[in-house]
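Go by the hints and put chain B onto chain A.
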Amino acid sequence: MISYPRWKIALVAIVLLAGIFLALPNLFGEENALQLAADRAAVTESDRKAVEQILKDKGVTPSGVFLEQGRLTLRFSSKQDQLKARDVIAEARPGQFTIALSQASRVPAWMRNLGLNPVKLGLDLRGGVYLVYQVDVQGAVKQLLDRREQDFRSSLRNARVAYQDVVVDYDSKRVRVLFRDADSFAKGKAAILADNRNLNLTETTVAGAPALELQLTPQEIKERQDYAVSQNIVILRNRLNSPELAVSEPQVAREGVDRIAIQLPGLQNSAEVKKILGKTATLEFRMVDETNNPLEAAATGRVPLGSKLFYSREKQPVLLKREVVVTGDQLTDATFQPNTQDGAAVSVGLDSRGAAKMLKNTQENLGHLMAVVFIDRSREKNAQGVEVDRTTEEVINRATIRGVFSNNFQITGVNPIEGRELALLLRAGGLAAPLTPVEERAIGPSLGQDNIDKGIKAMVFGMLAAFIFMAIYYKVFGLIADIALAANVVLLTALLSVFGAALTLPGIAAVVLTVGMAVDANILIYERIREELRNGVTPRAAIAAGFERALSAITDSNITALIAGVVLWSFGAGAIRGFAVVLVLGIFTSVFTSVMGSHALVQIIYGGRRKLDRLSI
Amino acid sequence: MEFFHKATHFPFMRTRKVWYGLSAVLIVVSLALVFFRGLNLGVDFTGGVVVETNFPQAPNIETLRTALASAGVAGAQVQAFGSSRDILVRLPPDPNAKGDQIGARVLEIFSKVDPGVKLQRTEVVGPQVGQELFVKGGWALFATLVLILIYVLFRFTPKLALGAIFAVLHDPICVVGFFAATQMTFDLTAISAVLAVIGYSLNDTVIVFDRIRERARSARKLSIAQVIDESINQTLSRTLMTKLVTLLVVVALLIFGGETLRGFSAALVIGILAGTYSSIYISAALSLDLGLRVDDLLERKATKPEEVDGLP
Numbered sequence: 001m002i003s004y005p006r007w008k009i010a011l012v013a014i015v016l017l018a019g020i021f022l023a024l025p026n027l028f029g030e031e032n033a034l035q036l037a038a039d040r041a042a043v044t045e046s047d048r049k050a051v052e053q054i055l056k057d058k059g060v061t062p063s064g065v066f067l068e069q070g071r072l073t074l075r076f077s078s079k080q081d082q083l084k085a086r087d088v089i090a091e092a093r094p095g096q097f098t099i100a101l102s103q104a105s106r107v108p109a110w111m112r113n114l115g116l117n118p119v120k121l122g123l124d125l126r127g128g129v130y131l132v133y134q135v136d137v138q139g140a141v142k143q144l145l146d147r148r149e150q151d152f153r154s155s156l157r158n159a160r161v162a163y164q165d166v167v168v169d170y171d172s173k174r175v176r177v178l179f180r181d182a183d184s185f186a187k188g189k190a191a192i193l194a195d196n197r198n199l200n201l202t203e204t205t206v207a208g209a210p211a212l213e214l215q216l217t218p219q220e221i222k223e224r225q226d227y228a229v230s231q232n233i234v235i236l237r238n239r240l241n242s243p244e245l246a247v248s249e250p251q252v253a254r255e256g257v258d259r260i261a262i263q264l265p266g267l268q269n270s271a272e273v274k275k276i277l278g279k280t281a282t283l284e285f286r287m288v289d290e291t292n293n294p295l296e297a298a299a300t301g302r303v304p305l306g307s308k309l310f311y312s313r314e315k316q317p318v319l320l321k322r323e324v325v326v327t328g329d330q331l332t333d334a335t336f337q338p339n340t341q342d343g344a345a346v347s348v349g350l351d352s353r354g355a356a357k358m359l360k361n362t363q364e365n366l367g368h369l370m371a372v373v374f375i376d377r378s379r380e381k382n383a384q385g386v387e388v389d390r391t392t393e394e395v396i397n398r399a400t401i402r403g404v405f406s407n408n409f410q411i412t413g414v415n416p417i418e419g420r421e422l423a424l425l426l427r428a429g430g431l432a433a434p435l436t437p438v439e440e441r442a443i444g445p446s447l448g449q450d451n452i453d454k455g456i457k458a459m460v461f462g463m464l465a466a467f468i469f470m471a472i473y474y475k476v477f478g479l480i481a482d483i484a485l486a487a488n489v490v491l492l493t494a495l496l497s498v499f500g501a502a503l504t505l506p507g508i509a510a511v512v513l514t515v516g517m518a519v520d521a522n523i524l525i526y527e528r529i530r531e532e533l534r535n536g537v538t539p540r541a542a543i544a545a546g547f548e549r550a551l552s553a554i555t556d557s558n559i560t561a562l563i564a565g566v567v568l569w570s571f572g573a574g575a576i577r578g579f580a581v582v583l584v585l586g587i588f589t590s591v592f593t594s595v596m597g598s599h600a601l602v603q604i605i606y607g608g609r610r611k612l613d614r615l616s617i
Numbered sequence: 618m619e620f621f622h623k624a625t626h627f628p629f630m631r632t633r634k635v636w637y638g639l640s641a642v643l644i645v646v647s648l649a650l651v652f653f654r655g656l657n658l659g660v661d662f663t664g665g666v667v668v669e670t671n672f673p674q675a676p677n678i679e680t681l682r683t684a685l686a687s688a689g690v691a692g693a694q695v696q697a698f699g700s701s702r703d704i705l706v707r708l709p710p711d712p713n714a715k716g717d718q719i720g721a722r723v724l725e726i727f728s729k730v731d732p733g734v735k736l737q738r739t740e741v742v743g744p745q746v747g748q749e750l751f752v753k754g755g756w757a758l759f760a761t762l763v764l765i766l767i768y769v770l771f772r773f774t775p776k777l778a779l780g781a782i783f784a785v786l787h788d789p790i791c792v793v794g795f796f797a798a799t800q801m802t803f804d805l806t807a808i809s810a811v812l813a814v815i816g817y818s819l820n821d822t823v824i825v826f827d828r829i830r831e832r833a834r835s836a837r838k839l840s841i842a843q844v845i846d847e848s849i850n851q852t853l854s855r856t857l858m859t860k861l862v863t864l865l866v867v868v869a870l871l872i873f874g875g876e877t878l879r880g881f882s883a884a885l886v887i888g889i890l891a892g893t894y895s896s897i898y899i900s901a902a903l904s905l906d907l908g909l910r911v912d913d914l915l916e917r918k919a920t921k922p923e924e925v926d927g928l929p
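Quick note, the sequences are listed as chains A and B, same order. Using our numbering, read the first sequence as starting at 1 and increasing by one per residue. Using our numbering, read the second sequence as starting at 618 and increasing by one per residue.
Just chain A, with the same shape it has in the complex:
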């Protein structure tokens, strides 16, 4: 009797059907597409309708339109349509969208709506740029120490307390304020504590004189470093979504303690990207010149004395006072608060220096307009090949001063989307931990396609060889193994599609290796069946024994492979992780298909026969 429980056969059938369904999106292929992203915001449903209308008016019909993760993707059946559509949209809505040329899957809308997507391709298969930036976290800590030093000096100066010196020791991460005598020490301490309530200061003596010490704890240092890294990630994400760079689906992720990895699929020229990503940004708060007409100044080019001409994000001229109230490095925090008494607001924190200036300014200018200017600095080569700094200044917000404030205030009168962006920009401007590229891999699109072709070819020939060998060597059982192998590849494809793990060239190699290992398990079972048959056991008993006794060897060998795969997964970066992911998933699918799957098939083929004298093995 071959007694393989019905429920196991049913389970195999269900898993296989689910696998086929989930792997289905991979059959549709890709088409030329445009990807639209809005500058620092999500593309909305109404944008989508507007774009569709623009295209309809110009007689360009996209073969598919969908909105996903704030980006609008338009698919076109021809390259001409794709390029024409890009020009049409850019012309009709200048500057509103970042338009990137890309490829999109032809998966029908209903499948996409179910969350079914084809396997993502890694950069080595797709072409693109992979960048790793090192964040200068040490610099970020130094910056913090410098700011504390400045704060202490200004507190002491404002309180008119005599002191010897404020000394920063970067190595031991501390700031010391040296006083001459106990009297000035007491006054100084009070002044500093009044401005910096939540600082943990200790009293000490340096060379016989009293001193006040601020020692950063490991916790504070780590926080500062984490802050620097996550801050930079925010800035980089923002910049990658800016219209200057037409990148489809950029990915920015933290890597390790102090690195940021960026994936830019389809991008060719990394120089342009690095130039923009490497920029440092700052902020300035300035009062608005309300007495002169900015339009007139812009038109005539004559800017009133004491004022400076700026432009807003919407390219409107704005006149601001020359004097800067507060600069971005005095900003300690900016958070968006959707529900305050005055509606949505951005809450801003300043350090003591900034707070003092802001206090004076708001006392003098109550009821007047204050503006926030966002300054991006970048270094680039000019026509003569000399490196020059280029500065872009933009007014990102104007608001009326409603009260007197110092270290904490709110910018109100912003709409929710604007407010979130403003908080982001303010924070982004507040930090300038330098980034240095430490790793860069750029793969051209033709090489990517070449890699795909080679990988697929290797896979097809390798599998074909295994299929033919199995069919010849084990006859019907060999064919069963072949079906199990095919099922294995389908299941693996399904898992990769569902998990969204990127397939790389080493990943394809892992698929091939998995096929080899799945064959292994089948051979173990079949050789055992043959051996039992040689020993004179009946066919049914031989099948049962073969599946049962081979199991421990199959388990053992797969567990060791699993260990290697998991270690590789945790160690791996980039393409190597792609190998590990496929290897680990493949171990599960191959054990499932070659043990349960082929047993179910054997049961279906031989289980129903009343008399079983021979096995085709």
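Hints listed in this document are in silico derivations from the structure and should not be mistaken for laboratory results. Warning: the hint list may mix true and false statements.
To be verified - Okay, the calculated beta carbon distance ranges per label pair:
1) B/E619 x A/E30: 40 to 48 angstroms
2) A/V460 x B/E876: 14 to 22 angstroms
3) B/R654 x A/Q80: 35 to 43 angstroms
4) B/R654 x A/G536: 52 to 60 angstroms
5) A/E255 x B/P628: 49 to 57 angstroms
6) B/D912 x A/W7: 40 to 48 angstroms
7) B/R654 x A/S552: 36 to 44 angstroms
Even for Gly, the Cβ is constructed at its ideal location relative to N, Cα and C.
What follows is chain B alone, placed relative to chain A:
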């Protein structure tokens, strides 16, 4: 069809000294090659720049070398990569140079030789990153070995486990030795191949050991050497068949996978060959010399009788 229809009776245990000698030579030579000749570490580990270009016609590599040298690009290695039309340039890490500029620079110099040249790939790895990846790779190898050793110790009796451990060390050493001998580039993909070999090399050893355990329980009258010989002979067809088919697919990878996967697939081929050899000739024999007795294999029966009784 069947290659092993008749049961084989190779006297593996009697000839084991010969195979020990061969293994010893393999290991010593491999280690000597690694230590004295060294591995040709890829840009992943050394840091530096790799620029891959594609020419419409096969260029003269010497001309390219001179072109680079006369343009002031120092220390460049120029070699064909796969086909003679694909040219790979490798440059040492240079703290002052920026990666994207080097790629453009090389392309500019090459386009004077042949204007049809295309830039295929640029990789720039900082020396710091390279060193870190190397250390991490080393740790990954170490961690895998330790975890698998723990698993083996847990799974088999101590003497069998030691034999298995030897097999686990034997195979990756041969693979690394192969890389040192051929001076093939040893990079991240090569490391992942070595890890895959470690994970995979135990396969046949496990099968042989499983059979030894099983035979020891059923054929009590045989000596341990006979049990081992019989077990290896009985599992020989499985061992060779599984490896043959895996080799088929890996060789397909070696032939069709292109230059990028060349080192990877070569490592797997060597690893599979070494693994098959060590599991047939070495690991069980070592256990025998470590004093493995039939009694060692019966201990489990006393503690877990249901395991044997449960078999059909």
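Verification of the supplied hints:
Taking the beta carbon of each, B/E619 and A/E30 are about 46 angstroms apart, inside 40 to 48 angstroms as hinted. A hinted range of 14 to 22 angstroms for the beta carbons of A/V460 and B/E876 is consistent with their spacing of about 19 angstroms. For the pair B/R654 and A/Q80, the supplied restraint of 35 to 43 angstroms is violated, since their beta-carbon distance comes to about 57 angstroms. Judged by the Cβ atoms, the range 52 to 60 angstroms given for B/R654 and A/G536 holds: they are separated by roughly 56 angstroms.
In this structure, A/E255 and B/P628 meet the distance hint of 49 to 57 angstroms, their C-beta atoms being roughly 56 angstroms apart. One distance hint, 40 to 48 angstroms for the beta-carbon pair B/D912 and A/W7, holds here, with the actual separation near 42 angstroms. Taking 36 to 44 angstroms as the suggested C-beta distance range, the pair B/R654 and A/S552 conforms, at roughly 42 angstroms.
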